[in-house]
Amino acid sequence: MRHQLSIFKKAAECRLAALILAAQTKTTTGRMQNPFVQLRKYRPDLNDPSENRATETLVACLVFSEQFRSSFLQFLFNGKLPSDSMNAATSEVSTQQMTTSGQRVDLLIEQEGEWGIIVEVKVRAPEDGAQIRGYRDWLDEDKRRNNYVFHLVKSPDRSFKITNYGGEGTRTWKELYDYLLRSRQVGPETTDANLIQHFCGYLEVEGIVSTWRPAEILEYGKGVVARRALNNLFEQVVDELYRRVLRHCEIVSQFC
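Position one of the sequence shown corresponds to residue 28 (my numbering), numbered consecutively onward.
In short, the hints are calculated from the structure, not lab data.
Check the hints yourself; a few may be wrong.
Straight-line distance between alpha carbons at most 30 Å, and here's what the computed DSS-like set of lysine-lysine pairs gives [stated by the list, open to error]: (1) LYS188 with LYS170; (2) LYS107 with LYS201; (3) LYS181 with LYS107; (4) LYS201 with LYS188; (5) LYS188 with LYS107; (6) LYS201 with LYS181; (7) LYS107 with LYS170.
Ranges between beta-carbon positions, derived for each pair [stated by the list, open to error]: (8) THR217 with LYS188: 38 to 44 Å; (9) VAL265 with GLU216: 46 to 52 Å; (10) GLU202 with PHE261: 43 to 49 Å.
Note that the Cβ used here is the ideal one computed from N, Cα and C, for glycine as well.
Using the sequences plus the hints, can you model the full thing?
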């Protein structure tokens, strides 16, 4: 009897899980699959895979979309480009460039003879002053142009001053996320706008950006408590059914 009730309980739990899954599926059916999320299925390399994927995904967006490239440049300089010659349309984007000292540059945006920007991408790794200094020295080998070095990080170290190492500034992934979504909302529904949407979705899925607000986290906590209470109630119902079945069997056995 106990075994039968255990089977009944498992079947009920499976049914409940199926209903939850169906509800979740219903909310996502019909939406275009986010192409950047599919990058998570590829084989991770020997370095931090989340950092490498984030870098390459950002570079892909910069290469594919002039609008994205323009928005990114505006973002780096807080909406005020330092030079009229800083034109996204004529700039070049590359990754993993080797410096003369043997360093590999995460992201390089440049216009030959005019300006050069290095963005050092961080997700989990700490900020590194020597790395920034090395990048700036390498850029300054070309004296004809204006050069800049930025950090793009998940959680900035408030005690780290990038300007002490020749850097221009530190930006965060969340700041980039918010800036891109604002720029997307003012424009029409275009391929460039969809690219921004999917890139921001990728940052959420990878956990690089969190959009939870404190009030929402508290509400989520209430949901967790409610789910536990429901599980406890379900256990009580199963136990009560078991007791009633035993009582029924005892009564029947008296007449057998």
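Here's how the hints hold up against the structure:
1. Under the criterion of a C-alpha separation no larger than 30 Å, the hint pairing LYS188 with LYS170 is consistent with the structure, at around 24 Å.
2. A hinted pair counts as satisfied when its Cα atoms are at most 30 Å apart, and LYS107 with LYS201 qualifies at roughly 20 Å.
3. Taken as a hint, the LYS181 and LYS107 pair is honoured in the structure, with Cα atoms around 23 Å apart against an allowance of 30 Å.
4. About 19 Å separates the Cα atoms of LYS201 and LYS188, which keeps this hinted pair within 30 Å; it holds.
5. Restraint check for LYS188 and LYS107: satisfied, since their Cα atoms lie roughly 21 Å apart, inside the 30 Å limit.
6. Restraint check for LYS201 and LYS181: satisfied, since their Cα atoms lie roughly 7 Å apart, inside the 30 Å limit.
7. Simply put, LYS107 and LYS170 have alpha-carbon atoms about 23 Å apart, close enough for the 30 Å limit, and the pair holds.
8. The hinted range of 38 to 44 Å is satisfied by THR217 and LYS188, whose Cβ atoms lie roughly 39 Å apart.
9. Between VAL265 and GLU216 the beta carbons are some 51 Å apart, a value that agrees with the proposed interval 46 to 52 Å.
10. Range check, GLU202 to PHE261: about 45 Å between beta-carbon atoms, so the 43 to 49 Å window is met.
Checked against the numbered hints given earlier, this structure breaks none of them.
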